[in-house]
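**Q** Top line first, the protein sequences correspond to chains A and B. So in my numbering, spot 95 of the first sequence is number 95, and the numbers just go up one at a time. Count along the second sequence starting at 1, add 190, and that's the number in my numbering.
It should be emphasised that the hints constitute simulated quantities derived from the structure, not laboratory data. A couple of the hints might just be wrong.
Unchecked claim - Computed Cβ-Cβ distance ranges for the label pairs, DEER-style:
id, chain 1, residue 1, chain 2, residue 2, range
1, B, N460, A, K32, 52 to 58 Å
2, B, G364, A, P74, 44 to 50 Å
3, A, K60, B, V280, 29 to 35 Å
4, A, R90, B, A246, 19 to 25 Å
5, B, A246, A, A71, 44 to 50 Å
6, B, Y217, A, K165, 43 to 49 Å
7, B, M456, A, R90, 28 to 34 Å
8, B, A257, A, A71, 37 to 43 Å
9, B, S402, A, G92, 33 to 39 Å
10, A, R90, B, S402, 44 to 50 Å
11, A, K4, B, V280, 43 to 49 Å
12, B, L320, A, G147, 32 to 38 Å
13, A, I72, B, G218, 33 to 39 Å
Treat the numbers as computed from the prediction; the structure is a model and nothing was measured. Ideal Cβ placement from N, Cα and C applies to all residues, glycine included.
Read off the chains here:
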Amino acid sequence: MLSKFDIKAVVIGGSAGSLQVLNTIFSQLPDKTRLPIFVAVHRLKHVYTGMPESLNVKSKLHIVEPHDKQAIAPGKIYLAPANYHMAIERSGLFSMSSDEMVLGSRPSIDITLGSCAEYYKKNLLGILLTGANKDGADGMRKIHLNGGHTVVQDPKTCMIDTMPKAALAATTIDQTLSIEEIINLLKTIL
Amino acid sequence: MSSTEIEALNLPEGEIKTLIDNIKKNYGFDFSGYAIGSFSRRIARFMEVNKITSIAQLTPLIKDKVAFTSFLNAVTVNTTELFRDPSMWVFLKDKILPRLFEKNEKVKIWHAACSSGEEVVSMVILLKELNLLHKAEILGTDINTEILEQAKAATYLSWRLPHYQKNLEVVFPGKKAENYFSKVENKLVFKMDEYKNVRFKNFDLVLDTSFSQFNLVLCRNVLIYFDQEQQENIILKLNGALEPKGYLVLGAQESIDWHKSSDEFMSISNDNKIYRKFKGQ
Ligand SMILES: C[S@@+](CC[C@H](N)C(=O)[O-])C[C@H]1O[C@@H](n2cnc3c(N)ncnc32)[C@H](O)[C@@H]1O
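So here's chain A without its partners, still in its complex pose:
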């Protein structure tokens, strides 16, 4: 069973349909938390701005796009910026990179999930939402291999279920949850 004090960070990945889900989730989270939340979602290339702003409208937690080598602070939601992969360095600082796209995407969900898994090991909660490709499956596998807790949005509730299904096929997923249940889980651990 997932205990509140095992978790030191949350990482969320999503693609097609996930913005709306994120909006719903963020609008219901408390205004304070001791954890950092990392978010990697596919976004339109060359739409540089607007996403953090639009997510911020409903969220009580502050949503920011981090800079390279910025320190991680608790209580913030960190969104992978357009056109950069977002990872955590071994030093514990953010690392941005414009390496080639992975599975056709930059930011890559796999890279963010994978680096969080290596950094936080068993103290990580990984959540993969609706989406139209298999990005994130490998990242979820790394979270599981490092002892972290894995959750996917219930495929039945997804706009497009390819992403959670790919993760379910790739690795052990600890919980398959509806959006409501994801919110409740977050409320208990944040």
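We have chain A; now place chain B with the ligand onto it with these hints.
**A** For chain B with the ligand alone, kept in the frame of chain A given last:
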């Protein structure tokens, strides 16, 4: 081989360090100040693509010059675009360049880590359109000799045109990117005559010492590959290469905020990562 197997090896930090020492001995590149996590990730990816299963297997391979060049390309990342981050170029166009050219007879511009040259081409287009190009002296440098050859040739793949157009559109609404390039087969060749006046030169930001004074230095999307300490060294080096009150432009997700050297600069545009040398007037 799948990425699963590579990871099972999980590239031990010690082996990466030995590899870095080897590269330094054989080729004179110093990767010890690169951020180790992302550096290892790119090595792992290079190994995966080339079906190499261990650092021990990789080491003798890159003794070969040709193999090393492809390794270098893989680990140093050459991603770039024409008018990358268009709002920064708009800011340069409206707020920085007119004043800078008014105040100086000759304006010296350095693109440190220019990769395949799109950033330099963007500058040349911008200055030409502002009718300032004849007053500029432009230098493009990079660590990678092969990529510098591409920058000199300013020849790009045609499929990138729509992409270029989108960015250009923001900077110069209504202008057509294709007017700046000749189409040769599936390639776009930048055709502005003045481009031949741009100088290109090999320059390693880690090992080489700066050689001149510039009014404007663009050093974008290369600091992200270094650890914090090495970033600090490079920012100081760039500071040394700036004229008093010269401008420094970094990449969209780069910042000098948490560096000691931030005292040396004032921020001109936070959004566009434009700084100005503060001291030494
Ligand atoms: C991602 S590109 C940036 C291109 C361009 N400035 C832009 O922002 O679009 C990074 C470049 O940095 C170069 N580079 C990496 N390490 C370097 C070093 N130590 N000194 C100089 N250039 C380096 C790479 O060869 C590559 O061309």
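**Q** Now tell me, hint by hint, if it's right for this structure.
**A** Comparing the hints with the structure gives:
1. Range check, N460/B to K32/A: about 26 Å between beta-carbon atoms, so the 52 to 58 Å window is missed.
2. A beta carbon spacing of about 48 Å between G364/B and P74/A agrees with the range 44 to 50 Å that was offered as a hint.
3. Taking 29 to 35 Å as the suggested C-beta distance range, the pair K60/A and V280/B conforms, at roughly 34 Å.
4. Distance hint check for R90/A and A246/B: the Cβ-Cβ separation is about 22 Å, which falls inside the suggested range of 19 to 25 Å.
5. For the pair A246/B and A71/A, the beta carbons lie near 36 Å from each other, so the given range of 44 to 50 Å is not met.
6. At about 46 Å, the beta-carbon gap between Y217/B and K165/A stays in the expected band of 43 to 49 Å.
7. In this structure the supplied range 28 to 34 Å holds for M456/B paired with R90/A, their Cβ-Cβ distance being about 32 Å.
8. Checked against the hint of 37 to 43 Å, the C-beta distance between A257/B and A71/A comes to roughly 38 Å, which is consistent with it.
9. Roughly 37 Å separates the CB atoms of S402/B and G92/A, a value that falls within the hinted 33 to 39 Å.
10. The hinted window of 44 to 50 Å between R90/A and S402/B is violated, with their beta carbons roughly 36 Å apart.
11. Range check, K4/A to V280/B: about 47 Å between beta-carbon atoms, so the 43 to 49 Å window is met.
12. Taken as a hint, the range 32 to 38 Å is violated for the pair L320/B and G147/A, whose Cβ atoms sit roughly 57 Å apart.
13. For I72/A and G218/B, the Cβ-Cβ distance of about 35 Å falls inside the hinted range of 33 to 39 Å, so the restraint holds.
Checked against the numbered hints above, the structure breaks hints 1, 5, 10 and 12 and satisfies the rest.
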